[in-house]
Amino acid sequence: MRKAVAVQEVANAQSAGALPAARFVIAERIRPYLYIAPALLFFAVFFFFPIAYVIYLSFHDWSLLNLEEIEWVGLDNFAALWEDADFRQVLANTFMYTLATVGLGIVIAFFLALWLNRRARVYGLVQAAVFSPHIVSLVSVAMLWMWLMDPQYGLLNALLEFVGLPAYTWLTDTKSALVSLIVVSLWKGVGYNTVVFIAGLQSIPRDIYEAAALDRSPWWRTLVSITVPMLSPTLFFLLVINTISSFQVFDTIYIMTQGGPVNSTNMLVFYIYEQGMDFYNGGIASAASVVLLGMVGLLTLLHFRLMGKRVHYR
Amino acid sequence: MVKKVRVSILACVLTVTAVLAGCSGKQEAAGGQKSGSGSGGQQQTADAGKPVEIDFWYALGGRNGEVIEEMVKQFNDTHKGIVVKPSYQGSYYENHAKVLAAVSAGNQPDVTMVEIASVGAFADAKVLQDLGPYANGEEDKYIPGLMGNSYWNDKLYAVPFNRSTPLLYVNRNKLKAAGLDPDGPKTWEELRRYAKALTKKEGGKTTTYGFSTPIDIWFYEALVFESGGNILSEDGKSVALDNEAGKAPLEFWSSLLQEGVMKAPPGEKYNAWDVAKQDFLNQQVAMIFTSTGDLHALKENATFEVGAAFLPANKRYGVPTGGANLVMLAKSSDEEKKAAWEFIKWMTDTPQTIRWSLETGYMPVTKEAVESDEMKAAYQKEPNFQVAVKQLEYAQPRPMVPGYKELQEVIMTEIQRAVLKQATVDEAIAKVVEKGEKLLKK
Amino acid sequence: MRHAGRAAWKVVEWGLLAVVSLIFVFPFLWMFVTAFKTMPEVYRFPPTWWPESWQLENFRIAWESGPFLTYVWNSFLVAAGILVLQLLTGVPAAYAFARYRFRGRNLLFGLTLIALMIPPQVVFLPVYVEMSQWGLVNTLWALILPYGASAFGIFLLRQCFMQVPDEVIEAARLDNASEWTIMWTIMVPMAKPVLVTFGLFSFIYHWNDYFWPLIMTNSDAVRTLPIGISMLKAAEGGKLWNVIMAGNMILVLPVLAIFFIAQRHIISAFVYSSK
Chain G
1 MRKAVAVQEV
11 ANAQSAGALP
21 AARFVIAERI
31 RPYLYIAPAL
41 LFFAVFFFFP
51 IAYVIYLSFH
61 DWSLLNLEEI
71 EWVGLDNFAA
81 LWEDADFRQV
91 LANTFMYTLA
101 TVGLGIVIAF
111 FLALWLNRRA
121 RVYGLVQAAV
131 FSPHIVSLVS
141 VAMLWMWLMD
151 PQYGLLNALL
161 EFVGLPAYTW
171 LTDTKSALVS
181 LIVVSLWKGV
191 GYNTVVFIAG
201 LQSIPRDIYE
211 AAALDRSPWW
221 RTLVSITVPM
231 LSPTLFFLLV
241 INTISSFQVF
251 DTIYIMTQGG
261 PVNSTNMLVF
271 YIYEQGMDFY
281 NGGIASAASV
291 VLLGMVGLLT
301 LLHFRLMGKR
311 VHYR
Chain U
315 MVKKVRVSIL
325 ACVLTVTAVL
335 AGCSGKQEAA
345 GGQKSGSGSG
355 GQQQTADAGK
365 PVEIDFWYAL
375 GGRNGEVIEE
385 MVKQFNDTHK
395 GIVVKPSYQG
405 SYYENHAKVL
415 AAVSAGNQPD
425 VTMVEIASVG
435 AFADAKVLQD
445 LGPYANGEED
455 KYIPGLMGNS
465 YWNDKLYAVP
475 FNRSTPLLYV
485 NRNKLKAAGL
495 DPDGPKTWEE
505 LRRYAKALTK
515 KEGGKTTTYG
525 FSTPIDIWFY
535 EALVFESGGN
545 ILSEDGKSVA
555 LDNEAGKAPL
565 EFWSSLLQEG
575 VMKAPPGEKY
585 NAWDVAKQDF
595 LNQQVAMIFT
605 STGDLHALKE
615 NATFEVGAAF
625 LPANKRYGVP
635 TGGANLVMLA
645 KSSDEEKKAA
655 WEFIKWMTDT
665 PQTIRWSLET
675 GYMPVTKEAV
685 ESDEMKAAYQ
695 KEPNFQVAVK
705 QLEYAQPRPM
715 VPGYKELQEV
725 IMTEIQRAVL
735 KQATVDEAIA
745 KVVEKGEKLL
755 KK
Chain H
757 MRHAGRAAWK
767 VVEWGLLAVV
777 SLIFVFPFLW
787 MFVTAFKTMP
797 EVYRFPPTWW
807 PESWQLENFR
817 IAWESGPFLT
827 YVWNSFLVAA
837 GILVLQLLTG
847 VPAAYAFARY
857 RFRGRNLLFG
867 LTLIALMIPP
877 QVVFLPVYVE
887 MSQWGLVNTL
897 WALILPYGAS
907 AFGIFLLRQC
917 FMQVPDEVIE
927 AARLDNASEW
937 TIMWTIMVPM
947 AKPVLVTFGL
957 FSFIYHWNDY
967 FWPLIMTNSD
977 AVRTLPIGIS
987 MLKAAEGGKL
997 WNVIMAGNMI
1007 LVLPVLAIFF
1017 IAQRHIISAF
1027 VYSSK
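Protein chains in written order, with the numbering used here: chain G, 1 to 314; chain U, 315 to 756; chain H, 757 to 1031.
Chain G with its partners taken away, still in its complex shape (with noise of 0.2 angstroms):
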């Protein structure tokens, strides 16, 4: 009995100065600590160390080949990367993947939302459609794509040639090899946004709808003035963990182009993958670790300030 009222107590925050059973008053005091410790002791060993390492081993010149072999060599491998044309290639291949799946990721899931999001069974087995790429594995959706878009024997080009236009280069030409992997990650991605737009749908209010609709308001007024307000919260969700995770993409471009052609396909993980774990460039790979880090962190920054200011945060 004296036990549940100090938990209480100190659950509530409460002034626990004046229970006689102090050793218990302690003992509550840590439990939370506890109980998060084991959590937070993964964080810190995979996470936050690690981070603080990476910055670490970015100063310095090091290889896998001969870890103890480990020279400073200050702001170096920031420079390198600074001065090298294929990073900064690097660099502009992941901002324009990364604008192109995001931004068309989220406009082509918003309309496939608003059209999908009614009662009938059809719509929900529609939704099951888009959706289901995305819980299949990244492997099977690259090998799988690879063959769809081969130039000779492909499915694609055979469609494309079957409608007499002509066929297309996809992953072999310099061009057109990051639109196709954008094309994949649409594919994969897409029905994941469409299934969070639709619950964003369903959670506005219906008499917000019911007074536009005696305000006689036509639906693209109700759309940009009600729906897209509404929807921001998730709107602005989606774009952030899209961006994230489309500055990872590494296992559509390991198995369909290992960065070609031509340096044409390669992005920040892929090339912190191929400096660090095939050329024994460690201090590289760990500045453009630092790099990723850097941008990740922003965004991660930004989402937080912009979340902290909403009220219905959830």
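Here are the in silico distance ranges between beta carbons for each label pair:
(1) G:211 with H:921: 31 to 41 angstroms
(2) G:203 with H:921: 20 to 30 angstroms
(3) H:932 with G:123: 50 to 60 angstroms
(4) U:520 with G:203: 54 to 64 angstroms
(5) H:804 with G:49: 50 to 60 angstroms
(6) U:687 with G:166: 53 to 63 angstroms
(7) U:490 with G:168: 31 to 41 angstroms
(8) G:220 with U:376: 54 to 64 angstroms
(9) H:804 with U:514: 19 to 29 angstroms
(10) U:384 with H:1010: 24 to 34 angstroms
(11) U:514 with H:800: 11 to 21 angstroms
(12) G:207 with H:761: 28 to 38 angstroms
(13) U:751 with G:294: 29 to 39 angstroms
For the record, the hints were derived by calculation from the structure and aren't laboratory data.
What you are looking at is a predicted structure, and each value in this text was computed from that prediction instead of being measured.
Just so you know, even glycine gets a beta-carbon here, dropped at the ideal spot from N, CA and C.
We have chain G; now place chains U and H onto it with these hints.
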């Protein structure tokens, strides 16, 4: 109730832990063995109760990989004190990355295949075991032309295993039908003429290309050698491509592409090779460059007569050798090293190399094997198998300074840029030289 | 007139629905069709829409190209191991964040949110070095431990625990139940839908993961299914697309099957991650 929950959670944790431990147990056992040994290996090897386990990594998939697995099994059956555990690691590129990463983690294999140009980098980082004391002069049995990528700083680090040279493969039926010599073109200009004659168009669309080759570093090296040049300077400290020999191959390929008689197979790294071979087998391309190691598979799968020939000459014949060597890793224990050497010696010994060669197309690696009745009979029956060995007369090692692993990918990117007309030949070469200076300084 | 117009629109809409569904489903069907073809048929252009003869052989070749049973088992162990760990670390943490007030709570919760936003791929290089130094590379631990705590799971469970009415907990406390008991026997059962949701999400994610096992494993004993499948791509005479597609079906079919059974749950699992 409380107890039950606690117990079930505990049980859950324990099961997972136990299962995981079971799976990683092997690894630990191997580690324990590594630290435990080190003193006088002789008796231990003889101790039949405890066989020495060694890990062997290889980098050939498909049928060739199966042959390796079969050979390892045969080795294990005939060597009681040693158990070799083979493990496929993907292509040469993937295998390289795996070895590099594993070395830092300390769970590297005892023996691995290493693409010949990477031997230098690994040896330089002191990752490889000096094989001199083990071979004791036995290395003289290998074909000298295949030993160019075996030494680093005058020490023996690698032994030739699956070795190749680039070859010109021709569809003899198509050449005959076009009234050309079915043995294939002998010079670059003949190659151009043949490619033109073999290219077929239907309504503005090319249905058959005369010639195709991956725009790959290996074939570029070959064409540079044929033009009388070299990739790196004598001391390995700078790029030697800023001259006629470095540019001629690019101009040659570009002009063939422009004339529409050559196809540059799409895809990065070995994907492009796959396409070239596929096109050849499907008779959409009449002549390709690819490795000796593909001979068996191409012959097996082709519905036409396959011919293999020297790469056509420019100023002279010339090719790099290729494929992979077997190396032993320095971190293994003495006992494991003894076993590893047994294995390396056996895999590359005459009977095994003959079998390997006949079942894959790779070259036999010992002098004895080339002279053997078995190989001679095979050459009689299938002259294609002898072409690579004959071509060895004109072969050179691949560059193998530590920076070359990265430089070769730079070169590959730049020559593709030039061939795809995204840069002029001069610009591409200038970029290679500039990057090369940085990479080779290290 | 207006009626006819509406009917016409219905037809158009059904057509559009079919097209959209096909765009997303047809590639899977193509995987299926290709997996049963012979090689000559695979390389026919224009392609055939239906296999001329059904080559079950392709599946055998794919399955026997590596120890696939081991791969499947490893994938399962990794995904299950991660889930168990995430629950063991996540439930108490979520409970503490939801039900206690203590110094530094906001700071600690902020750290959790940061971990939620920044994906582990960003720091794979230093984590690899860590694993190297502990000798864990090429063990299943290297695949499990980095995901031992899920910020997403903590976040989700915290929301759920906060909604449990105070009276329920009060009543339990009056019965002299310990906090630990309350957490596991009262809170956790009430969070069952969220746990199922989170479990599906976590399991599918790690079942599919390619990057981490690619970096951390180098022997068949610890390789997972996606790695085994990706290794099918190499062979001498060009790509054997029929075998590759057959192999991929081994990876894809179970997930799609579960998806069609527990469709609603899975979609909501992923939607939840947005809240």
